[in-house]
Amino acid sequence: MNNTFKAIAVGAICVATFAATSNAADWGSIKGRIVVDGTPAKPAPLVVTKDQFCIDKMPVNNSIVVGKDNALENVFVYLRVPAGQKIDINPEYASKEAEPVTLDNNGCEFHPHAVLARIGQTLDIKNSDPVGHNTNVNVLSFNQVIPSNSDAKVKVSTGGALPTEIACNIHPFMKAWILVQDHPYTATTGEDGTFEIKDIPAGKHEFQFWHEAGGYLKNVKLKGGATDKKGRAELNIEAGKTLDLGDIKVPASALK
Amino acid sequence: MEYRWRLTNKMKRLFGISGFLWMLAVSLSGLSGCSGRADMGPVADAANVKAIRDVLATSKGAGSEQAAAATGTGWATIKGQFVFDGDPPTMPPYNVTKEAEICTINGQAPPQEMLVVTPGSKAIKNVVVFLRDASRVNDSAKPKTDRVEFDQKHCLFLTHVVGLTVGQALDIKNSDNTGHNTNILGSGFNQLIPAGGAIPYKVQKDAQVPNKVTCSIHPWMTAYMLPRKDGYFAVSDADGKFEIANVPAGEPLEFQVWHESGAAPGNGLVGTTPDAPDVKWSNRGRVAVTLKPDDVKELKVVVPAKAFRL
Amino acid sequence: MKHFWALLFLLVPIFGVLTFVLAPYYNHSFPRDISENGRVIDQLFYFILYLTGVLFVATEGALFYFMWKYNGRTNREPVKYSHGSHTLEVVWTILPAVTLLFIAIYQMNAWADAKMRKPDIPVTAEITGRQFNWDVRYPGPDGILHTPDDIILVDGEIHFPAGEEILLSIKAADVLHSFFLPNIRMKQDVVPGMQQYMWFKCRESKAEVDIVCAELCGWGHYKMSGRATFEPRSEFNAWLAKKSAEQQAHRITQATP
Amino acid sequence: MRALALVTATAALVGCGKSDPPPFRLNMTNVVAKQIAPEHQQAIANILGAMFGTPDEPIALKETGLDQKKLDMAAGPVWSDKVGAKHGLYRRHCVHCHGISGDGRGPTAAVLNPYPRDYRMGVFKFKSTYTAAEPTNLDLTKTLHEGIPGTAMPSFALLPPDEVAALVEYVKYLSIRGQMERLLEDHASVELNAGDKFDPANDPAVQKLVMQDMLGPIMESWNGAKEQVINPEDASIPPDNRPAKELEASVKAGRELFYGTRANCVKCHGPTALGDGQQDDYDVWNKAINDFFKATDDKIGQIASLKTDLAKAQGDDATQIRQQIVDAQKEFNERHALLSSLLLPRNAIPRNLREGVFRGGRRPIDVFWRISSGIPGTPMPASGPAGEGAQGTLTQKEIWQIVDYVHSLPFEPASLPQKRPINASEVSTGE
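Chains as they are written, first to last, in numbering that gives the first Met the number 0: chain A, 0 to 255; chain B, 0 to 309; chain C, 0 to 256; chain D, 0 to 430.
Hints are computed from structural coordinates only; laboratory data are not their basis.
Which residues of chain C face chain D? A partial, calculated answer using Cβ under 7 Å:
no.: 1; residue: Gln-130
no.: 2; residue: Phe-131
no.: 3; residue: Asn-132
no.: 4; residue: Pro-147
no.: 5; residue: Val-153
no.: 6; residue: Asp-154
no.: 7; residue: Gly-155
no.: 8; residue: Trp-218
no.: 9; residue: Gln-246
no.: 10; residue: Ala-248
no.: 11; residue: His-249
no.: 12; residue: Ile-251
Here are the simulated EDC-like pairs of lysine to aspartate or glutamate, each with C-alpha atoms no more than 20 Å apart in a straight line:
no.: 13; chain 1: B; residue 1: Lys-305; chain 2: A; residue 2: Asp-123
no.: 14; chain 1: B; residue 1: Lys-299; chain 2: B; residue 2: Asp-236
no.: 15; chain 1: B; residue 1: Lys-305; chain 2: A; residue 2: Glu-96
no.: 16; chain 1: D; residue 1: Lys-196; chain 2: B; residue 2: Asp-44
no.: 17; chain 1: A; residue 1: Lys-217; chain 2: D; residue 2: Glu-190
The beta carbon of each residue, even a glycine, is placed where N, CA and C say it ideally should be.
Please model the entire structure based on the sequences and the hints provided.
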């Protein structure tokens, strides 16, 4: 990584569209794009031994997924609420709270790889493979056999400060990560590395940047400062505006 | 020549030194042996452990399990009404799979009773409220012995939810002209009630949560029976009203609110009492409240849709 | 003091004999014997004890006499060595040999009863010693071991019918153990992979005795104990039936506390 | 002079004598893995000391509802009073394997397979409640009464009932203390930065956090265990002493489920149920240690790559990387110092069902519970519902059929040629 800051082509600027109902006055949004600076280590190929169906599917080790022009996928970006404090939630999210969060065992892979859930929601775990899976969501102490073409529902009752692992004990190579918070201000970066969190109460908030291959994304430079030792950055959300962090470069050495 | 075994001075000194060294080695190994492997990490130091302990001792009880405070004096009454917040789902009819001519009301299968809400007033029926463990029981709430009627008609349990005390008898009637075999789960009672017949069931032991009552011949028939060791329970009626009289006053009480489709663990029902801030709800549908003697506490309980598992 | 060492060594036979004489009064002697042929084994033990006791006191007395007579302070002249005497060697070889031969023959029958003459009766129970527990497996109603209706208990409570010949087959699951019933005067070492047998008959109608492991088998050896209960055949069958029913439990037996 | 040597030798040999009372130690694997600052480690040790006391004088906080008399009976050094009532039961019977703080790493733990239980996670394998629930007192008493066949856990049925009850209470005490410690450590690593103070003595917010937000849920799950017991419906329970033909039908149905694609037992227990299906997974206890070993190895690679970056970097980047190298080196040294005290992680090997040794109890109801709520903390999944009213993978009737099949396995003659597993098509996957 050379010493001068090489500007990389600015990501596509998407126009922030406000939901009609939320009064734009005291809610703001944040968005940005996370890219890898340099080429990260190629994750080790998966050892697939079980079930011919999985072997044929040849699932890929997606612990580090780098998309078009180095976009880093599956980075968890979320508002960090210090222990014991509460944050008020935009009414816009009330309707979404009832919908179940789906997690699909598909092609001996978990879709999505990075799951977001709120305390109170229901996690609906589907299995659309012809082989049986047993999904082990450690944070919910849930570990149940899911036969092919059926599903299991579990109430999301306990959360944690950091994302935790989801595994399948029949196919130990399958892995996903789930972040459970009791507020909706969480996001994961998509294929193009972009993330967006809408309707955040205006004011200074601390945002956590975390990725399974790097843990806390430490000392990452971004607009208005850098993340600290624990991958957090104090950012100010202005009412009615979208704070665009643009491209956030994560050093390749941070991801192993 | 007899050989006299005598230690020469040199050898004596030699023995002395080696003997001493040997003793030293043994003592060192002995001492080091019992100090064990050096464990890592800090150890609590007495000073501020004591400081913290004094502070913690004065703190309030933790979690919803209120510490058993001294029992208060006097009695009070708690009553109120359960109201559904939002528009309630319409109940589909029971899927009658057998003896349709008996089990339907003028050709129509009766609506299910998983969540009975009177339209308009939105009152919720069949919500069970009971005091979890009473430190003292008023005479009016001592276990009763009168009989409770429990009839079945059109393959329906006419009383969907019933509460009774240990010692009471349930007269299980069958006013259909087909057999029902009433099975009270968890109590071991599972008998065939012939058409037009009646069989009494004497309640022996109480339960933490209402027992489900089913009929093996008509599997869609369901009812719930709550046996308690004291009279501190109530089932909300058609307009959602309930009343429990003479509960112990002046001490923290914990009521369990239960509904057959309650979403909280153990079918608890988590509601809200907007106009009674001193009432605290736990996420298992347990209500913590303290009543003043001779006080009649009126609670308007608003229950959101997400509190039900529908 | 001139004869300090002689007197010191005199204490050995004195205390030796005293311990055996006083042991029964301090409950350190043999536990109560409830076995049919326990008497034979006790007699054998006491016979050998007396025999060796007499020899022990004799040799200790000789030792005391020589230490008293030839103590270092009064005998200043150098030691006179003798180059051995043939007759003495012959005598103190023949005498012990004969005595031991006699004991060997004398006890042969008792040993055969206890270890060789296996009664031809069905096995009452199979005991398996595993690190720090005695598991027992009863053949169950069909009388055949290793069938689905066997009754397997792991809490160290073993019951036997009293007043009838019992045959036990004993195994070890991991390391050396030794199934020892002090009150029955029977002890059987078990080696993993080998099948051992033990047979006895309890002459009392009701008794509850200890089971102990008599072969060091690891840190928990001291804890590897059990209770053997002897009861009439009717009570034994009732107990077995209760345990068999418990083992078939499909329902929760007691209310959760 | 020789007399002097004699005296020192005897003093040395006897010298071990009265050592000072053993203290509780923190879970250093977790503390070092989470890089908790030393002053926060001390604060955690103090809070735990205040709430739970020491191994010799345990404290039963009224919020935990534990019985102080039982804890006193079980804790402390081994002695018995005039009346013969025994004290220090934990140290007399359990500490050798389970360790002073219940970490399952007592002096004998290294030679045992499987390792003794680490209570501090609050996860128990053999119980009658739903997967996520804690065991009831009856479950813990049953484990003490019958021990765990197939492991080195012996039966303590010969202890009088009040001693067994005291030991059960002390195990719950160690477990609650362990769960509390884990929450404190998680809090310290996520919320606290280097300089922050963490002292409930003079900060009511921390006191509320510790006593209510942390201890509340722990006690609620322990106290709620009684209501989480899985009580199979009477209708699903097969009748007692049923005819052989009916049993065979049930065993056959159980066999189809065992090899079928709904219960998937064959995937881990292997085509011939010898436990040779899936042997490279870990239970939660060993996974934590395995992750610790792997993270320590990764540290080496990380330091190396940082060094290569340092060679290329200048200016403030260089100082930053140099600082990162120092931190990484410090962490590696701490980890390395701990490695020697850790026991090598072992894989969780699925049970060989043909041995007929049932660790959690051989009664049909015990095997029903193992299948219905799985074995928490291990890869064994639940096939029944996850909680009251939830939807299980198999119906209770089907679980009883698998119980019959599992009970018939040890008596299936080994000489019977093992049929190739029924491929999916043959087995009905319909409801």
